[in-house]
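For the protein sequence lines, the chains are A and B, in the order given.
Under the numbering used here, the residue at position 69 of the first sequence is numbered 69, and the numbers go up by one with no gaps.
Under the numbering used here, the residue at position 88 of the second sequence is numbered 88, and the numbers go up by one with no gaps.
Any given hint could be a false lead.
Within a straight-line C-alpha distance of at most 25 Å, the following computed DSS-like cross-link-like pairs (lysine-lysine) qualify [to be verified]:
#1 A:Lys102 x B:Lys1
#2 B:Lys57 x A:Lys26
#3 A:Lys26 x A:Lys70
#4 A:Lys56 x A:Lys26
#5 A:Lys56 x A:Lys102
#6 A:Lys56 x A:Lys70
What the hints contain is simulated information worked out from the structure, not anything from laboratory work.
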Amino acid sequence: SQQGEEDPQALSIQEGENATMNCSYKTSINNLQWYRQNSGRGLVHLILIRSNEREKHSGRLRVTLDTSKKSSSLLITASRAADTASYFCATGQAGTALIFGKGTTLSVSS
Amino acid sequence: KAGVTQTPRYLIKTRGQQVTLSCSPISGHRSVSWYQQTPGQGLQFLFEYFSETQRNKGNFPGRFSGRQFSNSRSEMNVSTLELGDSALYLCASSLVLGGSTDTQYFGPGTRLTVL
């Protein structure tokens, strides 16, 4: 069953613009992770934010977590064509497997 | 360090056959998880192995099985293949048990097509 639900399902932007993706989940979590997948390949881990953290940065990525609203957002600043991919949030709880959402497909055109 | 490797990368089988997929985790990683990815269902957890023992299992029929060897390499087997088993099968490794509490490193996947 899906725990995380990303919004929007698809996003098209121009190079240089910012891209924001949101993720909502249903139950309490230990952490929330974001992954990127390029066209039918393996997933690449982007960032992990723990339940006691509110914001995390990694390069051009900024992730926020609001446990009271059970939601997270991923912001990619100054997007590049190479950022074109599907982005998944995944929630983690101790003793269980990661549960992935269905993803947001980001298309960045030059 | 070498990343997670999966073999084969592509596989075509017919209904009723069985298939074995292999995964070698990152050196030092003891947890291996398997996922099935399809356009309709997205990423679905199959099972997780740690120290040669299955620790978690997803909601898949008994036709899906796996094992882990003493060197942490893992295999998954699907018997009596059905058309709906066509998918990208992803393997992920992590340092600790309960990969959901730690970063998981994914392999490139095995694309299985069932005809």
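A quick look at each hint next to the structure:
At roughly 30 Å between alpha-carbon atoms, Lys102 (chain A) and Lys1 (chain B) are farther apart than 25 Å, so this suggested pair is violated. The straight-line distance between the Cα atoms of Lys57 (chain B) and Lys26 (chain A) is roughly 21 Å, inside the 25 Å bound, and the hint therefore holds. For the proposed pair Lys26 (chain A) and Lys70 (chain A), the alpha carbon gap of about 7 Å is at most 25 Å, so the pair holds. The straight-line distance between the Cα atoms of Lys56 (chain A) and Lys26 (chain A) is roughly 21 Å, inside the 25 Å bound, and the hint therefore holds.
Distance hint between Lys56 (chain A) and Lys102 (chain A) is fulfilled; the C-alpha atoms sit about 22 Å from each other, no more than 25 Å. The straight-line distance between the Cα atoms of Lys56 (chain A) and Lys70 (chain A) is roughly 16 Å, inside the 25 Å bound, and the hint therefore holds.
In the structure shown, a violation is registered for the earlier hint numbered 1 alone.
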